[in-house]
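Residues per chain, in single letters:
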Amino acid sequence: MRNKPWDATLLTKITLVFALIMSAFPIYYMFIMATRTNEDAVETPPPLLPGGHLGENVERLLATEDANFVTGLVNSAIVATTVTVSVVLISTLAGFAFAKLRFPGSKLLLGLILVTMMVPLQQMGVVPLYELMVTLGWTGRLQSVILPFLVNGFGVFMMTQYTSQAVPDELVEAARVDGATTMGIYRRIVVPALRPGMAVLALLVFMQTWNEFMWPLIVLTPDNPVVQTSIAALNSAHGTDYVMLFTGTAASVLPLFVVFVLFGRQIVGGLMEGAVKA
Amino acid sequence: MTLQLAPPRQGPPSQAPPPGRWGRFDLKGVPYLLVSPYYVLFAIFGVFPLAYTLWLSLHDWELAGDKTFTGLDNYVKLVTDASFWNAVINTLGMFALATVPQLVLALMLANALNKRLKGRLLLRLGVLLPLVTSVVAVAVIFSQLYSRDYGLFNWILSWFGVEPIVWQNEKWSSWLAISTMVDWRWTGYNAIILLAAMQTIPRDLYEAAALDGASARRQFWQITVPMLRPTLVFVVFISTIGGMTLFAEPVMFEGNPMMTGGTTGQYQTVAMFIVKEAFRDFDMGYAAAAAWLLFVLILVGTMINYGFTRRIRGAR
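Chains as they are written, first to last, in the UniProt record's numbering: chain A, 1 to 278; chain B, 1 to 316.
Only chain A is shown next, with the shape it has when bound in the complex (with noise of 0.2 Å):
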């Protein structure tokens, strides 16, 4: 049941306009500083509007050596996309199961994949994790930062409540009787009717992946990194060349506004449909 809510008072409108202003202000400085210089970096107050330079810090951006910027965009995309499709099309297979399909122990295994999402597993296992891909001969490669994001709790559980609620039972009976195989009802009935929350689940991992860090320090090196490794060059190799650092950053988080853009109100929506149902 949805309560109608009541009318704002002019504090709490207020209060919003300083929320939004608070939350904006920080990406709108990141941004006017990838089209400023240098010396407008350091002036009090800094500069507030935008200027000119943009063109020029790209390109002294690109040229940067140790920061492999367009590698980084490149590998950042290839991993966050095949990860975000593994974990849409495993999560989906094995929510399907868990929400539809009646076998022996299915509350046990979804009980500990709960369980495992209280592990903080990058932090935690780190060293073995290393270990594993120096015998593999995969440092230094996108499997490496790959593989070990394949899979998600986080997701499963999401499909899991997903399919529950918009799946009904009486269709896949329905099927059931008129010969479909388990396969078949996958195909053609669930994945249907879990396509929005399929996108929601996919701008998720998408955006989480995009923004791993910790994993990809470790592994890559520093001629082949993801977006955020390179920005880590650059930081510590220009700590002071504040715009071009900027620019980097600027860039580096364009595409997910380009995704936000696009598909906050599903975002916001299955957030809050999430949360509802956790």
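No lab work stands behind these hints, which were simulated from the structure alone.
Keep in mind that a hint or two might mislead.
[To be verified] A few chain B residues that face chain A, going by a derived Cβ cut-off under 7 Å, partial list only:
# : residue
1 : L50
2 : V135
3 : I241
[Stated by the list, open to error] Simulated coverage check for chain B against chain A, where a stretch passes if three residues somewhere in it have a Cβ under 8 Å from a Cβ of chain A:
# : segment
4 : 21-33
5 : 159-167
6 : 183-191
7 : 277-284
Think of the CB as a built atom: it goes at the ideal place given N, C-alpha and C, for glycine as much as any other residue.
Following the hints, position chain B against chain A.
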């Protein structure tokens, strides 16, 4: 919700389940096939590293050297290692400094967003905007805002006659700077989650309270907050894991990824400590032991927070 149904089949419907061996397998075996990719991959990249970390933590091992079994030596050494405890205190301190104001702000923000407003979607998108920037981007932007000579924060402080602060130099100032980075990114997200829960609270509870003459403030503390308890537990739980594994913000704040967290380790976190021991000092067994102590820390932190949120009632 619209569903695309399979086109109607020609001829008589076949029996269910499909006959024969394959039909039985389809019902009994396929569900396990569907869930197995998760468990197989998780076993390799989740369970194995965890178990191996435990085994490693009982060894003295430097990368490319021999592993010598040393029992609990690493743990004994850790609990007497002042730099480890320094990292633990930093982590807990920044966690507390970030989480408490963040929850209060998120609650206020959610309450405000729950009012009838024009442009509600735009406001919700606006408060989520920080979540869309990467952690690394946040750290880059804020590190500049906090810089000594030309940072925005020191400029604002100068209006009040405050001398420029070197934010990286002291414990309190570096903790504050890092905590604001965490807060900025996550407050809006938590507000959206809390808002979702607020919208499920039945309206008649408020109407009854209003009839009894309860003020808006009283309604908020005696109805809204207690009804939000399960969601608050969830939010605190997520923040605990995030706070205990804090890494990118302090590393980027440091600039050079040395993992020391400043000259005297004033903002080195446990996650940084683990990476430093393993990948700068190559003391893998020691790092593994620290990883397990981090887990214990998270468990204790979660339990304390759970106990704390359990006490939220309609208390007066």
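Hint check results:
no., hint, result
1, L50, "holds (6 Å)"
2, V135, "holds (6 Å)"
3, I241, "holds (6 Å)"
4, 21-33, "holds (count 6)"
5, 159-167, "violated (count 0)"
6, 183-191, "holds (count 3)"
7, 277-284, "holds (count 3)"
Figure legend: structure checked against the earlier numbered hints; the only hint not met is number 5.
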